[in-house]
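J.: With the hints as extra help, turn the sequences into a complete structure.
Using the working numbering, you'd call the opening residue of the sequence shown number 1 and step up by one each time.
Bear in mind the hints are in silico, worked out from the structure with no lab data behind them. Incorrect hints may appear among the rest.
[Claimed, not checked] With a cut-off of at most 20 Å between alpha-carbon atoms, the simulated PhoX-like pairs for lysine-lysine come out as follows:
| hint | residue 1 | residue 2 |
| --- | --- | --- |
| 1 | K103 | K49 |
| 2 | K102 | K40 |
| 3 | K40 | K98 |
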Amino acid sequence: MIEGAPYISVVNIMIGITITYFVLEILLMLNEIDQDTSNKLLLEWSKGKSFFIPFALGAIGGHLFLGTSNAAFKMSNGMFPVLILFGLTIIMVLIAFKVPFKKSRTFLTALLIAGFLYGHFFWSMNYTVTP
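T.: In structure tokens, the structure reads:
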């Protein structure tokens with residue numbers, strides 16, 4: 001098990017972010033404005049020019065919760081998957097501003113699944129070598 005001050009700091013920051021998110025969601029559900037929770041806002045933004053959101057969320061989900069340990073998918077540098085993800089996001093943003101098209105729920109679901117597969121295979125946390 002990992003221990004030490006830096007690890008505890010990261011854990012505390014993640015707990016703080018999680019609590020802040022839940023408090024924000026509760027406040028958004030209790031206010032007078034209908035349909036303004038984060039999942040509704042993210043869906044609306046995804047249908048607009050921010051259709052990279054489902055891919056990015058899928059990649060983060062695949063990275064955090066699955067992750068292959070198959071060495072065939074391991075990249076030589078651990079930063080490559082992050083840089084590729086950033087590059088794909090930039091390309092999607094450019095496409096969104098240059099080519100207007102309707103983003104159906106099927107299209108957004110396909111992006112989410114593609115991101116999940118990307119996070120699982122290419123951005124895996126299971127490549128770390130343990131002594």
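J.: All hints, please: hold or fail.
T.: Each hint, compared with the structure:
For the hint pairing K103 with K49, the CA-to-CA distance comes to about 9 Å; that is within 20 Å, so the pair holds. Annotation: proposed proximity of K102 to K40 holds, straight-line Cα distance about 18 Å (limit 20 Å). Of the supplied pair hints, the one linking K40 and K98 is violated, its CA atoms being roughly 25 Å apart against a limit of 20 Å.
In summary, the structure is inconsistent with hint 3 from the numbered list given earlier, while agreeing with all the others.
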